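Engineer: Take the given structure of chain A and dock chain B to it, following the hints.
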Amino acid sequence: NAGVTQTPKFQVLKTGQSMTLQCAQDMNHNSMYWYRQDPGMGLRLIYYSASEGTTDKGEVPNGYNVSRLNKREFSLRLESAAPSQTSVYFCASSELAGTLGDEQFFGPGTRLTVL
Amino acid sequence: AQTVTQSQPEMSVQEAETVTLSCTYDTSESDYYLFWYKQPPSRQMILVIRQEAYKQQNATENRFSVNFQKAAKSFSLKISDSQLGDAAMYFCAYRSGGGSQGNLIFGKGTKLSVKP
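Taken in order, these protein sequences are the chains called A and B.
When you number the first sequence by this note's numbering, it's gap-free, plus one each residue, and the end is 115.
When you number the second sequence by this note's numbering, it's gap-free, plus one each residue, and the end is 1116.
Okay, chain B solo, but in the shape it has when bound:
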């Protein structure tokens, strides 16, 4: 079974600085997708960024980028120029690339605080 591990329960960053959130996963599959979701206090789950395992190029979305190391099974999220609105829980998630089951397997999350 696949597992996702986020080893940092809490992180803190100064406004305008850069922070990196860690995620490792375990799988025997070669085809899969990885996601970072943001959950602000409103509880709404918001997709931040996603990565297809077959793509070597790291995904980027504005201030958010990932460092995807397939051999090491590592998928970290870098937030540049942190803003107060980035404060939230961040969840790393895995989805198998095969079959009809599209459910996500989540890590336990990292709570990010942004200091003004």
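Just chain A, with the same shape it has in the complex:
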């Protein structure tokens, strides 16, 4: 049982390049999330998917797109990377958003640098 996995662990991009961050969970969770963590800040929500087939914007969605490929996988795409997107990205999942005791499980993070 691997929990939440993210690929890649590290990535360096040039301004304007595109890339997709992959996330997968093997806990049969319905809800998945993408957060970013900047120095001196807590995690901030980019996008989330309450259930398979649905996605919604979070606090900082600009410059990103997401795809809930199936129940297991939730990808985050940067179409044209900018230096302001340099950050550590975390994927998380939970059984069912909004329910009592809903605990989020986090992946190990992806450190992205945009030059």
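Because the hints were derived from the structure by calculation, they are not lab data.
No experiment lies behind these values; they were computed from the predicted model shown.
One thing to keep in mind: the hints can contain errors.
Claimed, not checked - Restraint-style ranges between C-beta atoms, simulated for each label pair: (1) B/K1055 <-> A/E79: 42 to 50 Å; (2) A/S67 <-> B/P1041: 27 to 35 Å; (3) B/L1047 <-> A/M41: 14 to 22 Å; (4) B/K1115 <-> A/D38: 25 to 33 Å; (5) A/A2 <-> B/P1040: 17 to 25 Å; (6) B/Q1008 <-> A/P61: 25 to 33 Å; (7) B/Q1057 <-> A/S84: 39 to 47 Å; (8) A/T20 <-> B/P1040: 22 to 30 Å; (9) B/E1010 <-> A/R77: 31 to 39 Å; (10) B/P1116 <-> A/K71: 28 to 36 Å; (11) A/P8 <-> B/K1078: 37 to 45 Å.
Every residue, glycine too, gets a C-beta built ideally from N, C-alpha and C.
Structural biologist: Coordinates of chain B only, in the frame set by chain A:
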């Protein structure tokens, strides 16, 4: 909108001593959940403890306990018998109890150092 404030950017504690990390939050909701997450240098976010707002009893998990003051909107974390492995960033987080959105709202974190 809900906000979470951690007023102590850094804290230090001697091994085996007790330390308390502060967290305050702002919300107009009556139903919500509060969490403390630990982030060691490995970056992995680990749930330490959680509290349901409707429960008056403070949550405890082994050496970790909270002091939840709902009227004051305060949610502090007490670590007893501190160990070297407790050194990490600690984040306080809020989650609304209603609706289908289950995302967490985080504070900026407190960096805890443990001195041997």
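Engineer: It remains to establish, for every hint, whether it holds in the given structure.
Structural biologist: Here is how each hint holds up against the structure:
no. : hint                          : verdict
1   : B/K1055 <-> A/E79: 42 to 50 Å : 44 Å, holds
2   : A/S67 <-> B/P1041: 27 to 35 Å : 31 Å, holds
3   : B/L1047 <-> A/M41: 14 to 22 Å : 19 Å, holds
4   : B/K1115 <-> A/D38: 25 to 33 Å : 28 Å, holds
5   : A/A2 <-> B/P1040: 17 to 25 Å  : 19 Å, holds
6   : B/Q1008 <-> A/P61: 25 to 33 Å : 30 Å, holds
7   : B/Q1057 <-> A/S84: 39 to 47 Å : 44 Å, holds
8   : A/T20 <-> B/P1040: 22 to 30 Å : 28 Å, holds
9   : B/E1010 <-> A/R77: 31 to 39 Å : 36 Å, holds
10  : B/P1116 <-> A/K71: 28 to 36 Å : 46 Å, violated
11  : A/P8 <-> B/K1078: 37 to 45 Å  : 38 Å, holds
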